[in-house]
Amino acid sequence: MPTEEQIFRALGLIVVAAPLLLTIIMGLLTLASTPLGERASSRLCQLSTVIGLLASLGILGCMLAWGPRNVTVNLGEWVAVHEFHFSVKFIFDRLSVPFAILIFVLCGVIGGFATRYMHREPGYNRFFVLFSVFMLGMIITSLAGTIETLFTGWELVGVSSALLVAFFHERAAPVRNGLRVWIVYRVSDAALLTASVVMHHLHGHGDFQEFLGVGNGVSWPAGQVIGLDAQSTLLVGLLLLIAAAGKSALVPFSGWLPRAMEGPTPSSAVFYGALSVHLGAYLLLRISPLLDDSLALSLAVMTIGLVTAGFASFAGRVQTDIKSALSFASLTQVGLIVAEIGVGYFWEPLRYVALVHILGHACFRTLQFIRAPSLLYDYGTLENAIGSRLPAAGRGAWLPSATRTWLYRLALEKGYLDAWLGMLFVDPILGLLRLCDALERRWSGLFEGDPEQPAPVARPSSTIVAEAPPAKTLAGQLLEKSR
Amino acid sequence: MSELHLPWLELCVLLPLIGSLVAFRYREPSEAHTVGVGFSLATFFLATGAWFDFIYMRASVAEDKFHIMTRLLGREFFQLDEISAPLLPLGALLFALVIIATVRSKARRFSFFWTLLSEAIVLATFSCKEPWLIISLLTLATLPPFFEMRARGRATGMYVFYMAIFIVFMILGWGIVMIEERSTKHVHTLYAILPLLAAVLIRSGVFPFHSWVPDFFDKSSFGTALLFVTPLTGVYAAVRLVLPVAPDWVMRSLGLMSLFTAVYAGGMTLVQTEGRRLFSFLFMSHAAVILVGLEMATVQGLTGALCTWISVSLSLTGFGLAMRAVEARRGRLQLTSYQGLYEQMPLLAVCFLLTGIAGVGFPGTMGYVGSELLIDGAVATYPLVGIAVVIASALCGIAVLHVYFLLFTGARHISSISLRMGRREKVALLTLVVILFAGGIVPQLNIASRHHAAEELLNHRGIDIVNARPPWLQDGTAGPAPIRPAHRAAKGR
Numbered sequence: 008m009p010t011e012e013q014i015f016r017a018l019g020l021i022v023v024a025a026p027l028l029l030t031i032i033m034g035l036l037t038l039a040s041t042p043l044g045e046r047a048s049s050r051l052c053q054l055s056t057v058i059g060l061l062a063s064l065g066i067l068g069c070m071l072a073w074g075p076r077n078v079t080v081n082l083g084e085w086v087a088v089h090e091f092h093f094s095v096k097f098i099f100d101r102l103s104v105p106f107a108i109l110i111f112v113l114c115g116v117i118g119g120f121a122t123r124y125m126h127r128e129p130g131y132n133r134f135f136v137l138f139s140v141f142m143l144g145m146i147i148t149s150l151a152g153t154i155e156t157l158f159t160g161w162e163l164v165g166v167s168s169a170l171l172v173a174f175f176h177e178r179a180a181p182v183r184n185g186l187r188v189w190i191v192y193r194v195s196d197a198a199l200l201t202a203s204v205v206m207h208h209l210h211g212h213g214d215f216q217e218f219l220g221v222g223n224g225v226s227w228p229a230g231q232v233i234g235l236d237a238q239s240t241l242l243v244g245l246l247l248l249i250a251a252a253g254k255s256a257l258v259p260f261s262g263w264l265p266r267a268m269e270g271p272t273p274s275s276a277v278f279y280g281a282l283s284v285h286l287g288a289y290l291l292l293r294i295s296p297l298l299d300d301s302l303a304l305s306l307a308v309m310t311i312g313l314v315t316a317g318f319a320s321f322a323g324r325v326q327t328d329i330k331s332a333l334s335f336a337s338l339t340q341v342g343l344i345v346a347e348i349g350v351g352y353f354w355e356p357l358r359y360v361a362l363v364h365i366l367g368h369a370c371f372r373t374l375q376f377i378r379a380p381s382l383l384y385d386y387g388t389l390e391n392a393i394g395s396r397l398p399a400a401g402r403g404a405w406l407p408s409a410t411r412t413w414l415y416r417l418a419l420e421k422g423y424l425d426a427w428l429g430m431l432f433v434d435p436i437l438g439l440l441r442l443c444d445a446l447e448r449r450w451s452g453l454f455e456g457d458p459e460q461p462a463p464v465a466r467p468s469s470t471i472v473a474e475a476p477p478a479k480t481l482a483g484q485l486l487e488k489s490r
Numbered sequence: 014m015s016e017l018h019l020p021w022l023e024l025c026v027l028l029p030l031i032g033s034l035v036a037f038r039y040r041e042p043s044e045a046h047t048v049g050v051g052f053s054l055a056t057f058f059l060a061t062g063a064w065f066d067f068i069y070m071r072a073s074v075a076e077d078k079f080h081i082m083t084r085l086l087g088r089e090f091f092q093l094d095e096i097s098a099p100l101l102p103l104g105a106l107l108f109a110l111v112i113i114a115t116v117r118s119k120a121r122r123f124s125f126f127w128t129l130l131s132e133a134i135v136l137a138t139f140s141c142k143e144p145w146l147i148i149s150l151l152t153l154a155t156l157p158p159f160f161e162m163r164a165r166g167r168a169t170g171m172y173v174f175y176m177a178i179f180i181v182f183m184i185l186g187w188g189i190v191m192i193e194e195r196s197t198k199h200v201h202t203l204y205a206i207l208p209l210l211a212a213v214l215i216r217s218g219v220f221p222f223h224s225w226v227p228d229f230f231d232k233s234s235f236g237t238a239l240l241f242v243t244p245l246t247g248v249y250a251a252v253r254l255v256l257p258v259a260p261d262w263v264m265r266s267l268g269l270m271s272l273f274t275a276v277y278a279g280g281m282t283l284v285q286t287e288g289r290r291l292f293s294f295l296f297m298s299h300a301a302v303i304l305v306g307l308e309m310a311t312v313q314g315l316t317g318a319l320c321t322w323i324s325v326s327l328s329l330t331g332f333g334l335a336m337r338a339v340e341a342r343r344g345r346l347q348l349t350s351y352q353g354l355y356e357q358m359p360l361l362a363v364c365f366l367l368t369g370i371a372g373v374g375f376p377g378t379m380g381y382v383g384s385e386l387l388i389d390g391a392v393a394t395y396p397l398v399g400i401a402v403v404i405a406s407a408l409c410g411i412a413v414l415h416v417y418f419l420l421f422t423g424a425r426h427i428s429s430i431s432l433r434m435g436r437r438e439k440v441a442l443l444t445l446v447v448i449l450f451a452g453g454i455v456p457q458l459n460i461a462s463r464h465h466a467a468e469e470l471l472n473h474r475g476i477d478i479v480n481a482r483p484p485w486l487q488d489g490t491a492g493p494a495p496i497r498p499a500h501r502a503a504k505g506r
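Listed in order, the protein sequences are those of chains A and B.
Residue numbers for the first sequence follow our numbering, beginning at 8 and rising by one.
Residue numbers for the second sequence follow our numbering, beginning at 14 and rising by one.
One thing to keep in mind: the hints can contain errors.
[Claimed, not checked] Short, incomplete list of chain A residues facing chain B, as computed with Cβ under 10 Å:
(1) 129
(2) 437
(3) 451
[Stated by the list, open to error] Partial pick of chain A residues on the chain B-facing surface, computed with a CB cut under 10 Å:
(4) 37
(5) 82
(6) 85
(7) 147
(8) 159
(9) 170
(10) 179
(11) 189
(12) 198
(13) 321
(14) 439
(15) 443
[Said to hold, decoys possible] Restraint ranges, calculated between C-beta atoms of paired labels, are given here:
(16) B/266 x A/47: 56 to 62 Å
(17) A/128 x B/164: 45 to 51 Å
(18) A/76 x B/473: 47 to 53 Å
(19) B/458 x A/328: 31 to 37 Å
(20) A/367 x B/71: 55 to 61 Å
(21) A/366 x B/266: 20 to 26 Å
Since the hints were made in silico from the structure, they are not lab data.
Every residue gets a Cβ at the ideal spot worked out from N, C-alpha and C, and that includes glycine.
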């Protein structure tokens, strides 16, 4: 008869192995240039999702039945060389289990939706490969027991998201937006990696349980940070907050979220509207003992959440396409969730409220997103039913006309956040780099007696049928104000 | 000293040498290509044999069996140790894959004679620890690209200028080291160290001695340029020539300059408008990160650098081969407009992306744990260094996806002929992708081997490994033990 521990371990392994195997099979077949057919891809995705979901539910059931609130599945040391230990460890607790179930449910729903939505699309296989990478990344991130494991999932989510935003890659706009998403994610990744390394440096390991003082009867959201002084706590916390802000599109990184809607509806729905946009908030929940240890950090979290909620609510009111409007509505809720996490410093049960908020919001928003393509049809049906036009919104009429125009433009341009970021950070750096490049070319030219080196011209061997606009330079793309 | 079961090392050098002579006889590129493939593959199998033999022996240093060189020249020049053991098959693999992936359109301009000769020189360099021999081989290695550029009628001014300084500084520096050792000086003077340091900086493309790298990529054939830089012989020169004799402040200077280069070159990748130039800056950034790791006093930092060395060599070669394959179909790559090649060459696009992100230490690839170790070691020594390495990695990551989007997406490209990868290119690129991911999924073997090599290097520098531990393992000390100059550095050389 297997013991409780063995059952938990087996179920835990199935939860992680299901999306992992899906990714491996689809990835290898793609590399071997023998991709699966539509039906086989769809079946495999469904199978993997259902197995993962059942195993997650099994863990939840066992936890409820047998009482443990914190189950650790340790796969051992992935790398161990004297001082450096890189262990692969997954935690199943009150936070991760609901989130993992949410991931499987939404990925399953969207997988089924995408099977029909993407039918006969040229990139069908590519979509499902990226879908599997995304699901794997989300599961790894949500269950990660060490910051290195979390980083692995975090990166997988990042690269699959950027490629999915650029899914319709024969057009330039999705590609530009994909690159923008990638840039923000890289900033977020850099912050997370730095936090990981700082944790390693201060603690000797990146184990969440040891770092946050959970396990041995103490489970999330309880816990206490061990062995860190106030300054170090603040440093690690701020780095993680930057990482979370990048991933959850919090201010000032909010610009990427409406851009991410360039991707196909199934991916924008589940990935940006429902799951990955909550990943930052999830990270903040995971490190909640760290927030409990620092009032300044909690206040920073609360402030950034409220500012994001205000900004997204403001910008979302004037969006002219449904997916952008929904993305801002989503961001408003994410801002509120983050604020709840920050306020949790004063009243711990708010962390549960934040978790429930994530679960409810993710499901609701997914439904809205997958209904988005048929919105006009829905409106038509509604108007036919009531026999007249739907009432138009007319708020703010009491404001002077000039102010209203100014506010409208400000909201439409998303507070000029991207432009400000570009002007303050990106433009000066790229300008300097271009100057250095020009100087280097002059120096090279001196050896040929010609300080101005002409750039070699490409010899096209074939033609570009759809006229491609010239690629904007990175600075141009970053400074671009709107989609 | 332990003895290998066969004269692997001598055979590894001899075989490509013979291959180059055979290839020289063939004027027809396809025949020369066949010769090149045969000899380079055979050399790779021999080099792998040498590596496995070395692992099986569990020795720290091993020599060839039969001592043929001792009988001929009175001394055994080739040796294998923990540092060089995996570099030998690595170097052979890079040469074999570049030769295999050379398509017909490129074979006319890619000299198999010079390539096999270069392979013999590189493998001989990795097989020896004798400083003067390393210097001679590094000098010889600069000649094949020069002759190739001359044969193509390209300007060689900058290459000759930088390589001449590199060679002169190497000879000058090591000459002074030898003189100082004869006069029983324990600490080497700046006159000895600085020329050696400058030589390493030039060969590794560290700012401000890096200008030859983009120029070289522009003038030389892509294959030759790849094989000249990706085995990272400049880093090897640093390990064999500078590391054993340099005092800690010199290593710190090397580290700082490399760190600046890593960030600078990473930034420069963002503003490049030519594919080859972008690749050259990507190479410089990666090579500089490895040099930063070499400067670490901690075992994990150095282990990370040595791991990253292997992964960067493989991933850059893969990335370069993918870029070369696109070039073979589209001409020199201009990164000013979207080319939309994905539909024409989907597998090539995937390999391009995978090798590119593997280079920046993406999770699941070989470089990931190496980068973690390196950054960890950097933070343990100087926290800001670790952050700078992270920034460099982030910049390179952005550049990789940027160039991927520019080449493969953003437009619809229709061609009257198939632009898909040929069988040879597929073999070469998929081999690299598989190795990069296999090494990422099962990293322990590589990490453990590099860890031993790192310990050996630190011992060689006279660093107390026990005290050179991270802060959390020390009692009451704020950082790792400072590096002590290796007074006994060149004893017995």
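Comparing the hints with the structure gives:
no.: 1; hint: 129; in the structure: 7 Å, holds
no.: 2; hint: 437; in the structure: 6 Å, holds
no.: 3; hint: 451; in the structure: 5 Å, holds
no.: 4; hint: 37; in the structure: 7 Å, holds
no.: 5; hint: 82; in the structure: 13 Å, violated
no.: 6; hint: 85; in the structure: 7 Å, holds
no.: 7; hint: 147; in the structure: 9 Å, holds
no.: 8; hint: 159; in the structure: 4 Å, holds
no.: 9; hint: 170; in the structure: 8 Å, holds
no.: 10; hint: 179; in the structure: 5 Å, holds
no.: 11; hint: 189; in the structure: 5 Å, holds
no.: 12; hint: 198; in the structure: 9 Å, holds
no.: 13; hint: 321; in the structure: 30 Å, violated
no.: 14; hint: 439; in the structure: 8 Å, holds
no.: 15; hint: 443; in the structure: 7 Å, holds
no.: 16; hint: B/266 x A/47: 56 to 62 Å; in the structure: 58 Å, holds
no.: 17; hint: A/128 x B/164: 45 to 51 Å; in the structure: 49 Å, holds
no.: 18; hint: A/76 x B/473: 47 to 53 Å; in the structure: 52 Å, holds
no.: 19; hint: B/458 x A/328: 31 to 37 Å; in the structure: 52 Å, violated
no.: 20; hint: A/367 x B/71: 55 to 61 Å; in the structure: 59 Å, holds
no.: 21; hint: A/366 x B/266: 20 to 26 Å; in the structure: 55 Å, violated
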